[in-house]
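K.L.:
Assemble the whole structure, with the sequences as input and the hints as a guide.
2 protein chains.
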Amino acid sequence: MNLELRHLEYFRAVAEHLNFRKAAERLFISQPGLSRQIRQMEEILEVELFYRTKRSVTLTAAGEFLKGEVDFIFNHLELTTQQVKNIASGKIGELRIGFLGSAAHQVIPDLLVRLSREFPGIQTNLEELSNHLQVEMLEKDKLDLGFVRLARVPDGLSMKVVHRDTFSLVLPHSHPIDDDTFEHVGQLQEEPFILFSSDYSSIYFDKIMSICEDRGFTPKISHKSVHALTIFKLVEAGLGVAIVPSSLKEGYDLKVKFIEIKGIPQHTELFAVWKTENRNPALKHVLEIL
Amino acid sequence: MNLELRHLEYFRAVAEHLNFRKAAERLFISQPGLSRQIRQMEEILEVELFYRTKRSVTLTAAGEFLKGEVDFIFNHLELTTQQVKNIASGKIGELRIGFLGSAAHQVIPDLLVRLSREFPGIQTNLEELSNHLQVEMLEKDKLDLGFVRLARVPDGLSMKVVHRDTFSLVLPHSHPIDDDTFEHVGQLQEEPFILFSSDYSSIYFDKIMSICEDRGFTPKISHKSVHALTIFKLVEAGLGVAIVPSSLKEGYDLKVKFIEIKGIPQHTELFAVWKTENRNPALKHVLEIL
DNA sequence: AATAACTGATAACTTTGAGTTATTAAAAAA
DNA sequence: TTTTTTAATAACTCAAAGTTATCAGTTATT
Numbered sequence: 096m097n098l099e100l101r102h103l104e105y106f107r108a109v110a111e112h113l114n115f116r117k118a119a120e121r122l123f124i125s126q127p128g129l130s131r132q133i134r135q136m137e138e139i140l141e142v143e144l145f146y147r148t149k150r151s152v153t154l155t156a157a158g159e160f161l162k163g164e165v166d167f168i169f170n171h172l173e174l175t176t177q178q179v180k181n182i183a184s185g186k187i188g189e190l191r192i193g194f195l196g197s198a199a200h201q202v203i204p205d206l207l208v209r210l211s212r213e214f215p216g217i218q219t220n221l222e223e224l225s226n227h228l229q230v231e232m233l234e235k236d237k238l239d240l241g242f243v244r245l246a247r248v249p250d251g252l253s254m255k256v257v258h259r260d261t262f263s264l265v266l267p268h269s270h271p272i273d274d275d276t277f278e279h280v281g282q283l284q285e286e287p288f289i290l291f292s293s294d295y296s297s298i299y300f301d302k303i304m305s306i307c308e309d310r311g312f313t314p315k316i317s318h319k320s321v322h323a324l325t326i327f328k329l330v331e332a333g334l335g336v337a338i339v340p341s342s343l344k345e346g347y348d349l350k351v352k353f354i355e356i357k358g359i360p361q362h363t364e365l366f367a368v369w370k371t372e373n374r375n376p377a378l379k380h381v382l383e384i385l
Numbered sequence: 096m097n098l099e100l101r102h103l104e105y106f107r108a109v110a111e112h113l114n115f116r117k118a119a120e121r122l123f124i125s126q127p128g129l130s131r132q133i134r135q136m137e138e139i140l141e142v143e144l145f146y147r148t149k150r151s152v153t154l155t156a157a158g159e160f161l162k163g164e165v166d167f168i169f170n171h172l173e174l175t176t177q178q179v180k181n182i183a184s185g186k187i188g189e190l191r192i193g194f195l196g197s198a199a200h201q202v203i204p205d206l207l208v209r210l211s212r213e214f215p216g217i218q219t220n221l222e223e224l225s226n227h228l229q230v231e232m233l234e235k236d237k238l239d240l241g242f243v244r245l246a247r248v249p250d251g252l253s254m255k256v257v258h259r260d261t262f263s264l265v266l267p268h269s270h271p272i273d274d275d276t277f278e279h280v281g282q283l284q285e286e287p288f289i290l291f292s293s294d295y296s297s298i299y300f301d302k303i304m305s306i307c308e309d310r311g312f313t314p315k316i317s318h319k320s321v322h323a324l325t326i327f328k329l330v331e332a333g334l335g336v337a338i339v340p341s342s343l344k345e346g347y348d349l350k351v352k353f354i355e356i357k358g359i360p361q362h363t364e365l366f367a368v369w370k371t372e373n374r375n376p377a378l379k380h381v382l383e384i385l
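If you're matching them up, the sequences are chains A and B in order.
Counting in the numbering used here, the first sequence runs from 96 upward without gaps.
Counting in the numbering used here, the second sequence runs from 96 upward without gaps.
For the record, the hints were derived by calculation from the structure and aren't laboratory data.
Check each hint, because a few of them may be wrong.
Said to hold, decoys possible - Here are the simulated PhoX-like cross-link-like pairs (lysine-lysine), alpha carbons at most 25 Å apart as the crow flies:
hint: 1; chain 1: A; residue 1: Lys180; chain 2: B; residue 2: Lys180
hint: 2; chain 1: A; residue 1: Lys235; chain 2: B; residue 2: Lys149
hint: 3; chain 1: B; residue 1: Lys162; chain 2: A; residue 2: Lys186
P.N.:
This is the structure we're talking about:
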């Protein structure tokens, strides 16, 4: 025979009322049943918990001590089950998020603010990672959510557009073309181009190429980089021009001019990606927000 | 249906082995029985604790959390039951002890040393109290053990001699009688006597009287006091002579001379007293020591 | 591709023991 | 003295824990 929570529950009732009849009544069981369970409990522990006379019931020293502990145990158990439910429902948990540097100023801050307001129990763990690494880590369950610019993702991953952006031309301040004189990218066909590396984000690379091809030329690429800031610095130094997502204008203190390219079909899209069968309960809530 | 420790125990086994068959084997129950209990537990908590496929079992986030808590709970429960047993067996507990000032230098220090060595879990609570107060407090369960000098105690209290002492004459240094010239108390029949108050310890008072009566005189009592030190000071000041338990010679820094009274039947006895039906488990051990 | 060796779930059953009612025995109160 | 209130005891019922036998998938092995 083993100790069960039932015993502790019954013990607590008797310890409180110091009266088997009343305790039994409150527990919605019969008095003999209660008597037997308490006696059994004493046999299991090999300890006398109550002094019983025909007329009165009092706690022994051991029973007195146990009473306090039982209160603690039930209290702890209550908290634990509540916590377990919260975790299961995703109200509490950890969410590992990966993102492209170029997303850091758009969707992510907004998401984090809403998340911490609506689900203060969810902790986030952010990491700046390339498209490729994010996909890899999502597949290996090292990441719960990624923010990428990719045309498509492997089977088993789901994705959703979270931001759509136009492209902007990035030019040094000294450049002759400005907002008024700019008409189309064909005007830049002789300029050297500075672009994001294709292995960092091939979809971006391909789109830039198609923008130029639509104007009947293939750009001369002088430099490639994975960092937006590096690209801006190179433009500033007069080493070429660049085409980047328009939203990158925000968030950097720049000495270059941005000219939004209007009237073209190409857009850059930021996708949220996650493993379709990811079991992290917190993920559900983030996807609701997005 | 309620959660029981059985559920937690089974959960722990499955969480450890991540295999129902092996967990069931270790629990000495059948696999279907285990499966059903775990399922029932999930129904009670309304939370999925394991991801089961036909081939593998893994913990959910909630299950992972619960595992740690369950370990804690069982650990706590183990400590608690051990503690309860210790308390019940008297290895741990509190003992409220009362004593006469005149016992402070004899039995008490020895007892405390042995107690703390053999039962380090027993805490003691000492209080210097008169015979009368000790008896009263023992009867009211305000005290577990007393040390008194009384001829007898009320029904319901038990007693036991713990120390037997001779009486000694206390004289100022200037007094003509000394160890060599002293023969019997009759030599002092003209001296004023300083004694312990009869209401502090009537048996003591009666014995002193009987010592004198055996020598055919009734002492002239000049002063009474409840404090040994006061008596010594009065003797020192030449206000009279005293007869006290011999052991009081130790423990005070005195400017009076002690002369042990030999060849008389009177002795002073220190008794341990306790309520016969006292339930304090620690008391048992102290009585063993005495 | 067929087979064997695992896994956990399901179904029907046995058996244990928690809880029941009825009663007793003792103590306190009326 | 009678009534009321207490916990314990005895004999019973029944819910459910645990059983055996089996199924239905998945993963190695041949």
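K.L.:
Is the straight-line distance between the alpha-carbon of lysine 180 of chain A and that of lysine 180 of chain B 25 Å or less?
P.N.:
This hinted pair is violated, its Cα atoms lying about 35 Å apart.
K.L.:
Going straight from one Cα to the other, do lysine 162 of chain B and lysine 186 of chain A come out at no more than 25 Å?
P.N.:
Holds, at about 19 Å.
K.L.:
For the pair we were handed, lysine 235 of chain A and lysine 149 of chain B, check the Cα-Cα distance against 25 Å.
P.N.:
Distance of about 21 Å is within 25 Å: holds.
Of the numbered hints given earlier, the model fails hint 1 alone.
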